[in-house]
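Produce the entire structure from the sequences given, and follow the hints as far as they go.
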Amino acid sequence: MFGDNLLTGSLPVELSKLHNLSALELYQDRFSGPIPPELGQLRNLERLLLSDNYLVGFIPPQIGKLEQLVTFNISSNRLSGRIPYELGNCTRLRRLDLSRNQFTGDLPHELGKLVNLELLKLSDNRFSGPIPSTLGGLSRLTELQTGGNFFSGSIPPVELGQLVSLQIALNISHNSLSGTIPDNLGNLQMLESLYLNDNQLYGEIPVSIGKLMSLMKSQEDRLASALYVARGRMK
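Count along the sequence shown from 1, then add 26; that gives the number in this note's numbering.
Hints are computed from structural coordinates only; laboratory data are not their basis. C-beta atoms are modelled at their ideal positions from N, C-alpha and C, and glycine is treated no differently. Incorrect hints may have been included.
Okay, derived cross-link-like pairs now, DSBU-like style, lysine-lysine, Cα gap no bigger than 35 Å in a straight line [to be verified]:
1) Lys91 <-> Lys237
2) Lys43 <-> Lys139
3) Lys91 <-> Lys139
4) Lys43 <-> Lys91
What follows is a list of derived Cβ distance ranges for each label pair [stated by the list, open to error]:
5) Val39 <-> Ser234: 50 to 58 Å
6) Pro63 <-> Gln226: 37 to 45 Å
7) Pro63 <-> Val141: 20 to 28 Å
And the structure:
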């Protein structure tokens, strides 16, 4: 564990020789360069934390070989490209944070295979296309953050309403989503924070949303304000 230091340079390929390693925590340093594909050889790795560095390049598909991985955090770097579909092989993952990078393209449907996920953060990237309906199978999610991207199309009408374990937040704000708000979001009875602002949504707030007793009052007011602006722009 070497996190929260002032370490610099590239991540050494030789780390891949530490075959019994269960945790590699190199967050909040000044590492640069790519993520070595050789890290995929660390088959016993459970925690891979590389956040808050200056890493560039792509997520190596070899990361999908880390079948024991529980936590994968590469947030706040300068990584780019598409999310490899091989990441869906890491089915033990509980926490996946890819936020605050420069990732692009559609989300791979294979993310729906990560059925043990409790936290999924994709915010502040350049993702586009629809929100995959396969995310509706992530029944253990307590927090879903997809704000600050270029997602388009409608809010999945049934699938997001199936995420009844969502509690901390559902954030799909600052995208290019359109259409109406699905009534099924009213199924998220434990939800405390809901962010739908800065999209192209229209219509009325479903009555079911008003029955989400766990929603913080401030978030409820913010939602109403955002939708009111959206209605005002309808032609």
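A quick look at each hint next to the structure:
At roughly 43 Å between alpha-carbon atoms, Lys91 and Lys237 are farther apart than 35 Å, so this suggested pair is violated. In summary, the hint linking Lys43 to Lys139 is supported, as the alpha carbons are separated by about 29 Å, within the 35 Å threshold. Our distance criterion of 35 Å between C-alpha atoms is met by Lys91 and Lys139, whose separation comes to about 14 Å. For the hint pairing Lys43 with Lys91, the CA-to-CA distance comes to about 15 Å; that is within 35 Å, so the pair holds.
For Val39 and Ser234, the hinted distance range of 50 to 58 Å is satisfied, since their beta carbons lie about 53 Å from each other. For Pro63 and Gln226, the hinted distance range of 37 to 45 Å is satisfied, since their beta carbons lie about 39 Å from each other. Checked against the hint of 20 to 28 Å, the pair Pro63 and Val141 passes, with Cβ atoms roughly 26 Å apart.
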